[in-house]
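S.K.: Spelled out from the first residue to the last, the chains are:
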Amino acid sequence: ILNVEQSPQSLHVQEGDSTNFTCSFPSSNFYALHWYRWETAKSPEALFVMTLNGDEKKKGRISATLNTKEGYSYLYIKGSQPEDSATYLCAFIGSGTYKYIFGTGTRLKVLA
Amino acid sequence: DTAVSQTPKYLVTQMGNDKSIKCEQNLGHDTMYWYKQDSKKFLKIMFSYNNKELIINETVPNRFSPKSPDKAHLNLHINSLELGDSAVYFCASSHTLDAVWGSPLHFGNGTRLTVT
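Protein chains in written order, with the numbering used here: chain A, 1 to 112; chain B, 113 to 228.
Hints should not be assumed to be uniformly reliable.
Listed below are the simulated DSS-like cross-link pairs for lysine-lysine, each with C-alpha atoms no more than 25 Å apart in a straight line [what the hints assert, rightly or not]:
1) K109(A) to K131(B)
2) K156(B) to K99(A)
3) K58(A) to K131(B)
4) K109(A) to K99(A)
5) K109(A) to K134(B)
6) K183(B) to K109(A)
7) K78(A) to K99(A)
8) K152(B) to K78(A)
9) K179(B) to K109(A)
10) K42(A) to K152(B)
11) K131(B) to K183(B)
12) K152(B) to K164(B)
13) K99(A) to K164(B)
14) K99(A) to K153(B)
15) K42(A) to K156(B)
16) K99(A) to K152(B)
17) K99(A) to K134(B)
18) K183(B) to K121(B)
19) K42(A) to K131(B)
20) K99(A) to K183(B)
21) K42(A) to K148(B)
22) K153(B) to K42(A)
23) K109(A) to K152(B)
24) K152(B) to K183(B)
Just a sample of chain B residues kept apart from chain A, beta carbon distances all over 10 Å, derived [unchecked claim]:
25) E136
26) I168
27) N191
28) D197
Hints were generated in silico from the structure; no laboratory data involved. These figures come from a predicted structure and were not determined experimentally. Ideal Cβ positions, reconstructed from N, Cα and C, are used throughout, including at glycine.
Model the full assembly from the supplied sequences, consistent with the hints where possible.
M.R.: Listed below in structure tokens is the structure:
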């Protein structure tokens, strides 16, 4: 059984704060790691596709890093805004499989 | 234009009934999936089809039967519905992973199934 874990489970931050959360995944048989943003009453939308150790991706105020050797990825949000409030999911894909294994998600609430 | 559309959005039915959820994608993807969002809000893979061929079949009761008439459609039929089947079911699609490295999933808006 593959474990993909995210921490923290939830957090509240003030508008303007920067924050980050973690996705931990098996360090062997890595193929790809995704980050998704999931707003309430909507469906998950892909933020980043990360495939190489040391990858850093950025989209506006959101960025992500990847360490496949130790099995973790960080998602950073700089200067959080209320519209960043959502659940952030990571999904691990193992080499030779076709399964996207989702983490438990981090529920972010940005307070105005 | 909705990329991945699933119907119905809400489905309320009684125990023992048989129901279907339909999913269609217009993205030209080769692979389609069904995920179940459980009571703890986890997304769990149920099935995956690649070019109409079943490639993933997790430990799902055989009351659940996926059907893919073509690569743009993946429907989910559920027989003899039980209370525990109540959940939100998400359809998703992607390019074949071997063809597009780490192709992201595109999700439908979900079907909330309530079994009474």
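S.K.: It remains to establish, for every hint, whether it holds in the given structure.
M.R.: Status of the hints after comparison with the structure:
1. K109(A) to K131(B): violated, 36 Å
2. K156(B) to K99(A): This hinted pair holds, its Cα atoms lying about 10 Å apart.
3. K58(A) to K131(B): The given pair, whose Cα atoms are some 43 Å apart, is violated under the 25 Å limit.
4. K109(A) to K99(A): Between K109(A) and K99(A) the Cα gap is close to 29 Å, so the pair fails against 25 Å, i.e. violated.
5. K109(A) to K134(B): violated, 33 Å
6. K183(B) to K109(A): Outside the cut-off at roughly 38 Å; violated.
7. K78(A) to K99(A): violated, 31 Å
8. K152(B) to K78(A): violated, 28 Å
9. K179(B) to K109(A): Not satisfied, since the Cα-Cα distance of roughly 39 Å exceeds 25 Å.
10. K42(A) to K152(B): holds, 17 Å
11. K131(B) to K183(B): Judged against 25 Å, a Cα distance of about 21 Å means the pair holds.
12. K152(B) to K164(B): Roughly 31 Å separates the two Cα atoms, so the pair is violated.
13. K99(A) to K164(B): holds, 16 Å
14. K99(A) to K153(B): It holds: about 18 Å lies between the C-alpha atoms, which stays within 25 Å.
15. K42(A) to K156(B): holds, 17 Å
16. K99(A) to K152(B): Status holds; Cα separation ~20 Å.
17. K99(A) to K134(B): holds, 21 Å
18. K183(B) to K121(B): holds, 22 Å
19. K42(A) to K131(B): With a Cα-Cα distance of about 23 Å, the restraint between K42(A) and K131(B) holds, given a limit of 25 Å.
20. K99(A) to K183(B): holds, 18 Å
21. K42(A) to K148(B): OK: K42(A) and K148(B) at ~15 Å, within 25 Å.
22. K153(B) to K42(A): Holds, at about 13 Å.
23. K109(A) to K152(B): At roughly 18 Å apart (the allowed maximum being 25 Å), K152(B) and K109(A) satisfy the hint.
24. K152(B) to K183(B): Distance ~31 Å between K152(B) and K183(B) Cα, so the pair is violated.
25. E136: The claim holds: E136(B) sits with its nearest Cβ about 15 Å from chain A, beyond 10 Å.
26. I168: Label violated. Min Cβ-Cβ 6 Å, cutoff 10 Å.
27. N191: holds, 25 Å
28. D197: The assertion about D197(B) holds, with a minimum of 20 Å to chain A.
In summary, the structure is inconsistent with hints 1, 3, 4, 5, 6, 7, 8, 9, 12, 24, 26 from the numbered list given earlier, while agreeing with the others.
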